[in-house]
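Novice: Starting from the given sequences, assemble the full structure and let the hints guide the process.
Chains A and B supply the protein sequences, listed in that same order.
Okay, so the first sequence: first residue is 1 according to the numbering used here, each after it adds one.
Okay, so the second sequence: first residue is 1001 according to the numbering used here, each after it adds one.
Errors might be hidden in some of the hints.
Stated by the list, open to error - Pairs of lysine to any residue residues, derived as SDA-like cross-links and limited to a Cα-Cα distance of at most 25 Å, are as follows:
| id | chain 1 | residue 1 | chain 2 | residue 2 |
| --- | --- | --- | --- | --- |
| 1 | B | K1048 | A | I304 |
| 2 | B | K1130 | A | P219 |
| 3 | B | K1130 | A | G261 |
| 4 | B | K1197 | B | E1466 |
| 5 | B | K1054 | A | P219 |
| 6 | B | K1130 | A | P272 |
| 7 | B | K1125 | B | E1064 |
| 8 | B | K1197 | B | K1457 |
| 9 | B | K1218 | A | P219 |
| 10 | B | K1218 | A | P242 |
| 11 | B | K1048 | A | G261 |
| 12 | B | K1048 | A | W47 |
| 13 | B | K1054 | A | P241 |
| 14 | B | K1526 | B | R1266 |
| 15 | B | K1396 | B | S1485 |
| 16 | B | K1324 | B | E1466 |
By construction, these hints were calculated from the structure, which means they are not laboratory data.
The lines below spell out each chain.
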Amino acid sequence: MKDIFKLEGDRPLWYAIITLLIASVVIMASTTKVLGYRTGQPHLIIWLRHLTFAAIAFFLVFRIHRADYRGLLKNPWIIPIIYWFSILLLVLTLAAGVEINDARRWLRLPFIGIQFQSSDIARIALLLFLALRYITDPDHQKPNTETPFGEAMQQQLFRYILPISLTTGLILIADLSTAVLTGLTAFVFLFMMGLPLRYLIAWGVLAAGLLIAFFFIAPYIGIERAATWQNRLLQMNQDTPPYQARLAMAAIHKGTFLGAGPGGSILRDFLPNSFSDYVYAIILEEYGWLGMSIILASFLMLFIRGLHIFHRVEEPFGRGIVIGMTLLITFQALFHIMVNVGLFPVTGLTLPMVSMGGTSMLILSTALGLILSVARVHEAEKQSHSDPHPDPAYE
Amino acid sequence: MTNVEPSSKSPGALIRSAWRRILVALIILLLFSLTVVRVLSIQFFHSKAARYAKAYTVQERPVEAVRGDILDCNGRLLVTSVPIYDIYFDFGAEGLTNRIFRSEVDALARALSNYFEDRTAGEYKRLLEKGYRQRHRYFPIKKGISYRDWQVVRTFPLFRHQTRNYIVGLIRVPRYRRLNVYGIADRVIGYVRNDVKVGIEGGYDAYLAGSHGTQRMKKTYGGVWVPVDGGYVVEPMMGATVQSTLDYRIQRIAEQALLRGMIRHRAEWGSVVVMETATGAVRALANLTRKPSDQYWDDRNYAIGEAVEPGSTIKLATLLVLMKDKDLRPSDSIDVDGGRFRIYDRTIRDGAQVPHGYISLREAFIYSSNVAFGRWAYELYGENPERFLQQLRALKLHEPLGAAVPGEARPFIPTPEDKRWSGTTLPWLAFGYGLKLTPLQILTLYNGVVNGGRMVKPRFVEAIIEPDGDRTEIEPQTRVAKMASRALIDTIKTLMEEVVRHGTARGIRRGKVPIGGKTGTVWLYKEGRYQRDRFRASFVGFFPAEAPKYTAIVVINDPQNGFHSGGSVAAPILREIAEKMYLQMIFEVPSRRSVPPHRPARWVDRKKLPMTAFETWARRWGLVYEEPESTAPEWIFTRAVSDDTVHLSPVRLLRRDVPNVKGLPVADAVYMVEGLGLKTEIRGTGMRVTAQSLPPGTPVRPRRKIVLWTE
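Specialist: This is the structure we're talking about:
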């Protein structure tokens, strides 16, 4: 009976997740006040809703980690369907999404009324799809030296690059930073999965070139956001940082050693999206170095344990999932923190598992659950090797 | 698709290069460390971050004290502070989407243009577009609007996107504005702006201002500073109330009479001061300047700030000196020949009204003979001008009054040490040329004589009333205790009465109020010489003549419609003031009390009067009238229907209704309604007013009580 509640897979990773969820619930007690003020709802209700989402997220991680990730391979169509469905969502969002801050990134589900950023789903779907493409790649099983360069490039184009381009391209139209994040995650994923360097360099140069070209061409082909991007990049070099960046700096400056204490943030009232895009700055303002250490330690733990599981697991699909999800979460956290401390142009990226946003939290929970599932199955398998009985997962 | 099979069974095929893991791990670690370094640098080495942070830290900020009120001598509220608002818009507000802005900007521009009528809808739209393009977070929309305006503006398109307590982007910054309740005595009440201090506001700033407090505050959404824990670090002290000596009724009469005179004579500027004889209290002080557009503005305090050649009004001082120092009698005479007298290279000239040949001192005074006064001064003091000047100094004519209202011009009286002093200086001085005095300084001299020889310093303030009710009276100060013997003073007073009865001011001899005084008519010195056709007319008088209550001066500079003498231009204005004051029962004329006018109703025809004054007249002379329909108006307008029947209609001094104060912070609400003369009672302990006992739009009656309920 006790085993039903046992946290399996990887203990340190569990601790990191739990720490982040607790941090999230704690900091939201302060930032929801602003939201409550603006929407007219009692802020306690908003906070309780967040608390509920955090609980559901925890339960979801738990539930998924108890399942066998290999179930995704039972039918070869499952992952492609997820991928193409995510592409469909992206298209739908562009066509009929909800406009927030002049950008169409959100899709409102009819009837239920839940809003979510379709790019959240698309990123995970892309990485799952890449992991699948990887294990079905006949080349990955032997170091490929015989295939001529051009031919290999052509194969990779269809196998990896076109799916990546399709997803990032669709995200790019509304959301440059998430597109860059997605592309980078996919790129490092391929790197970690062992794609030979010369190809990576070739693709990397190509992608960077296209991105720069797009950046300059965008204003002339009717993408309204282009002006915003250019502004933000230009503002990076100016003496006066943009408004949000100034406020984030103010929040961080005030944090120092102990911070302003729970609920002591002042900047939360001013920073647009203090409860999502700038939650790190607010954590630093309220909890100082302690808050910073906890958040950084949790994400580093998450990353290192991800790498560790990646290292330990031998099964290539599981490895793909682990490194894909680990990189996804780590890069998003890193980008968020860099934006908050002013090392990256102002852009809207949430801090995984901490920022407010129920659906985003649930989607990331799925990713974490998958990592833990891989770890758990792998552990069980190792035990089964020393065990005379075969693992029931292998039928 | 290809058949998918877990391939973990072929370990040799795995590419598990450690360097890739290590490289990625190192880069990630490096980037995370970089963020830590950045955080530390922001916290300790970044001067700009410190500056940004300071604006968002809990700070002890000054809390402005509410400035004290200014009352008139009867306790009527003249000036108070009322809350007004500056409104800004935050174009970077969340919730302000492109769609909302685009669809409502036109309607908003139209609404603003229609309501304020200061810009066209197109101009407003361009302004809003500009702010939106810059995503300006604190874009000024309109400054200094009233609470009522605010209530309308917040319902405008775009502004009305609001939740229960949050209006998208609309920011209101409250402040206090000084309100001159009746719009009177602007200049003498004055103002304090930056370091410029004018009038009573300026002179008594130290009392009115109160003292700033401090409060721990933080910025909240919308850039508004709010108190952190309610209390004050240092409590602001509300300014004291200053009870001025001005009398609302007299001030109004004086301003109206001056304006009428200014218009009648199309003068360059004019000034009127009415002083209470016994105490030197300034009951009214009015100034007007003609603007190129033929409008008349109260924009300079000539009475205090403009020292000018007084002309014949100074003959009072000369007369006093001659009689006191040289024992001249009114009957002593001198030869004025044909009204011309040459001293060295200059000729003294008399006006046409002065008799020729030998004239007495009495005639010289009441007909205002320059030749007589010039000759006497020349002959009696020509050898020893210092003695004459000493006599003037004994009257403190060379000393500023030092009244508490700032901006007094210094008097100028030449001395033999001056380079410009010549043989003709002294005789010209004796009839008012070559020296400079302000109207108020002249008035103070006259007031001393009228007051039986005791010269008092002009006062502008009766008392200072501290917020806790402590009242400090400002006592009259004596400037010269005894100007001359009682007999001499009485003689001079009689001579001044004769000026009105027979002399240069006989144009105003008819009237219900006996007046005494002295005229003055001066050539204007312009473009380096005296202009023979341009004048400054003045009249200094006192009334009622038998037992003077008030002394007043009227100065009209450069009248242009034919009349130019003090008797024909300035004296009638003073008479108008005296008559109206009498009609309003501000003073009584003792000897005439029992003589009813021939047709009493005609006497009060078409007059604005306080109801109480009218009732007294009606009782005294048996006037027939009907009570006006409106319940007990303070002021009424009279119309005679027959010789003894009067029709009354109520006059509302100023249209004042109870404002809607619901939703307003309690302090603001209290200032608003108390500023209108209502008394407030607050029930409840909430921050904002939720209900009021007098509904909005009810006419205000002074000292009526209004109950404000808070949550």
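Novice: Please go over all the hints and tell whether each is borne out by the structure.
Specialist: Hint check:
| no. | hint | in the structure |
| --- | --- | --- |
| 1 | K1048(B) <-> I304(A) | 36 Å, violated |
| 2 | K1130(B) <-> P219(A) | 21 Å, holds |
| 3 | K1130(B) <-> G261(A) | 40 Å, violated |
| 4 | K1197(B) <-> E1466(B) | 21 Å, holds |
| 5 | K1054(B) <-> P219(A) | 38 Å, violated |
| 6 | K1130(B) <-> P272(A) | 22 Å, holds |
| 7 | K1125(B) <-> E1064(B) | 35 Å, violated |
| 8 | K1197(B) <-> K1457(B) | 21 Å, holds |
| 9 | K1218(B) <-> P219(A) | 41 Å, violated |
| 10 | K1218(B) <-> P242(A) | 22 Å, holds |
| 11 | K1048(B) <-> G261(A) | 23 Å, holds |
| 12 | K1048(B) <-> W47(A) | 34 Å, violated |
| 13 | K1054(B) <-> P241(A) | 16 Å, holds |
| 14 | K1526(B) <-> R1266(B) | 18 Å, holds |
| 15 | K1396(B) <-> S1485(B) | 17 Å, holds |
| 16 | K1324(B) <-> E1466(B) | 46 Å, violated |
The structure does not agree with the numbered hints 1, 3, 5, 7, 9, 12 and 16 stated previously, though it agrees with the rest.
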